[in-house]
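All chains, full assembly: derive it from the sequences and hints.
Line by line, the protein sequences give chains U and Y.
Quick note: the first sequence uses my numbering, first residue 1, plus one each step.
Quick note: the second sequence uses my numbering, first residue 1, plus one each step.
In short, the hints are calculated from the structure, not lab data.
Values in this document were obtained by computation on a predicted structure and should not be read as measured data.
Take these hints with a grain of salt, some might be off.
[Said to hold, decoys possible] Cut-off 30 angstroms, straight-line C-alpha distance, at most; resulting in silico cross-link-like pairs (DSS-like, lysine-lysine):
1) U/LYS74 to Y/LYS134
2) U/LYS74 to U/LYS14
3) Y/LYS127 to U/LYS74
4) U/LYS2 to Y/LYS7
5) U/LYS74 to Y/LYS117
6) Y/LYS7 to U/LYS74
7) U/LYS217 to Y/LYS228
8) Y/LYS148 to Y/LYS117
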Amino acid sequence: MKSMIKNDFFTFKKFLLILTVVSVILNFKWVIDFCFGAELPGNDFISDFALYPMMYLPVLPTLLCTVDMRTGWKQFGAAMPVKRSDYVGSKYLLTLIAGLIMICMITVCGVISRLLFHSAIDAEYFYFIAALFMVLNLFCAFVTPFCFIGRTAAIAAYMILLVVIGSSATVFLDSSLFDKQGLELIFDIRTQLILFVCTAVLYALSWLISVRIYQNKDL
Amino acid sequence: MNAVEVKNLTKYYRGFTLDHISFSLPGGCIMGLIGENGAGKSTIIKLLLGIIRKDEGSISLFGRGESGRQHLLKDEVGFVLDELKLNCEFRAKNINNIMSSAYRHWNSETFYGLLDKMNIPVSKRIKAMSRGMKMKVGIAIAMSHNAKLLILDEATGGLDPVVRDEVVDMLYEFTRDEEHSVLISSHIVSDLEKLCDYIAFLHHGKLVLCEEKDRLMEQYGMIHCTEKQLSELDCSAVIGKKSNQYGAEAIVRRDAVPKGLDIGPTDIEKLFVFMNRGNHNEEYDKK
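Pasting the structure below:
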C-alpha cells in the first residue's frame with residue numbers, strides 16, 4: 001500500500017500543492033474581507049470561495065486513475081508485489097487525506113476570523129465543519145467506484161451528482177427547511193452521529209465495490 | 001524446481017485466443033518466447049505477471065501455485081515491460097523511494113550502482129530520457145531486489161545494437177547464479193539465439209514448439225534443392241519452404257528426410273521465419 005500511496009503522492013504533489021494554495025488564498029481573502037469591514041453574517045460558517053477547491057476532491061481519484069492509465073502505472077503496479085486492493089486503497093486514502101487537509105485549513109481560517117471579530121467559537125461552527133466534511137466524503141464515496149470502471153463513467157457520475165445535488169440544494173434553499181430549525185438539525189449531536197455512521201458505512205461500501213470492480217479487471 | 005510452470009493457459013479475446021499454452025521453465029535457465037506480432041507473447045507475460053486474468057489453466061511460480069498470497073511471489077520476480085511504465089516526471093530518487101516500499105529485498109545501493117554503471121544520470125527525469133535509457137532504468141529496477149526470475153517483454157526492441165548488446169551482457173551476468181531464470185520475449189531472434197537455453201515458438205495464439213535450443217538445432221536443418229526434389233519429400237518433414245526460379249530452400253526435420261540429401265545447419269531466426277511462412281506456402285501450393 002505504501003508504494004502505491006507514494007506513487008500517487010509524487011504524481012499529484014503539484015496538483016495537491018496548487019489545490020492547497022488556492023484554498024489558502026480563498027480563505028485568506030475571506031479573512032482580508034473581514035479586516036476591511038465586511039460583517040460576519042450570522043449563518044455563514046465558511047467562505048463560499050473555500051468550497052470551490054473542495055469540489056475537485058471527488059474527481060481526484062479519477063484524475064489519478066487517468067494519469068495511471070496514460071503512464072501505464074496500472075500495469076506496472078499490478079506486476080509488483082502489491083495487492084490490487086492496495087492500489088484502490090491508496091486512491092481512497094489520498095482523497096481522504098486531501099479532504100482532511102482542506103477542511104483543517106477552512107477550520108483554521110474560520111477560527112482566525114472569529115477571533116479577529118471577537119465572535120464566539122462555539123460548537124455549532126465545528127458541527128457545521130464536520131457535516132461539510134462528511135458530505136464531501138459522501139460525494140467521494142459515490143464517484144470513486146466509477147473511476148475504476150473508466151474515466152468517462154466517473155466524469156458522468158460526477159456530473160450527474162452535481163446536477164442532482166445542485167437541483168436538490170436549490171429546492172432545499174427555497175423551502176422552509178432552510179431556516180433556523182433546518183440548521184439546528186445539523187447542530188444536533190444525533191444528526192451528526194447518524195451522518196457519521198452513514199458516511200463511514202457508505203465510504204467502506206464504496207471502497208469494497210471499487211476493490212471488487214478492480215480485482216478482476218484486465219489492465 | 002521449475003521457475004515457471006504453465007498448464008493449459010487460456011485467454012479469450014474477441015478475434016484472438018491464447019490457446020491452452022503449456023510449458024515449463026526450469027530454474028537457472030533462459031527461455032525465449034518467439035512469435036510474430038499478435039502471436040500472444042505479451043499476453044503470456046501479462047498473465048504471468050498478473051496484469052490480466054486468465055480464463056483457464058494454471059500458473060505456478062517457483063513450484064508454488066495460485067493462492068490468495070500470489071502477490072508475495074512477485075517479490076521474487078523482476079520484470080521489464082515493453083516501455084518503462086512510470087510517471088514521466090519521476091527521477092531515480094522517486095523510483096527508489098517507491099520501489100523500496102514495494103519490494104522486501106530492495107537494495108538502493110544496487111539500484112544506484114546499476115544506474116551509474118549504465119551511465120544514467122540520477123537527476124534526470126524519465127521524460128528527458130531516450131528509449132534506451134528508459135529500458136536501462138527498467139532493467140535496473142528489475143535487478144535491484146534480488147529477483148530469482150526475470151520476465152522481459154520486448155526489452156531489447158527499439159534499442160540500438162550497442163545498448164542491446166549491453167542488455168544481453170547484463171542478462172548473462174544475471175544468469176551466472178544458477179538460481180536465476182529468465183523468460184524473455186523479443187522480435188530480435190538473434191538476441192534470443194545468443195541468450196536462450198530454451199525456445200518457445202508461438203503462432204496465432206498456439207504454442208507450436210517448446211524445446212531446448214540445442215535440440216532444435218539437432219532436429220532441424222536447411223536444404224537447398226530443386227522444386228521437384230522438395231515435392232518428393234514427405235510433407236511432415238518440411239517445416240517451411242521458400243522457392244524461386246533458381247530453386248528451393250526449406251527447413252526440414254532431419255529424421256524425416258531420406259539419407260543422402262545434404263542438410264545444412266540452420267539457426268533460430270531462419271527456423272522462425274520459415275515456420276511462419278510454412279502455412280502461406282502450403283496455401284500457395286494448393287492454388
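request  = Against the structure, test the hints numbered earlier, and report the numbers of the ones violated in rising order.
outcome  = Of the numbered hints, 4 and 7 do not hold.
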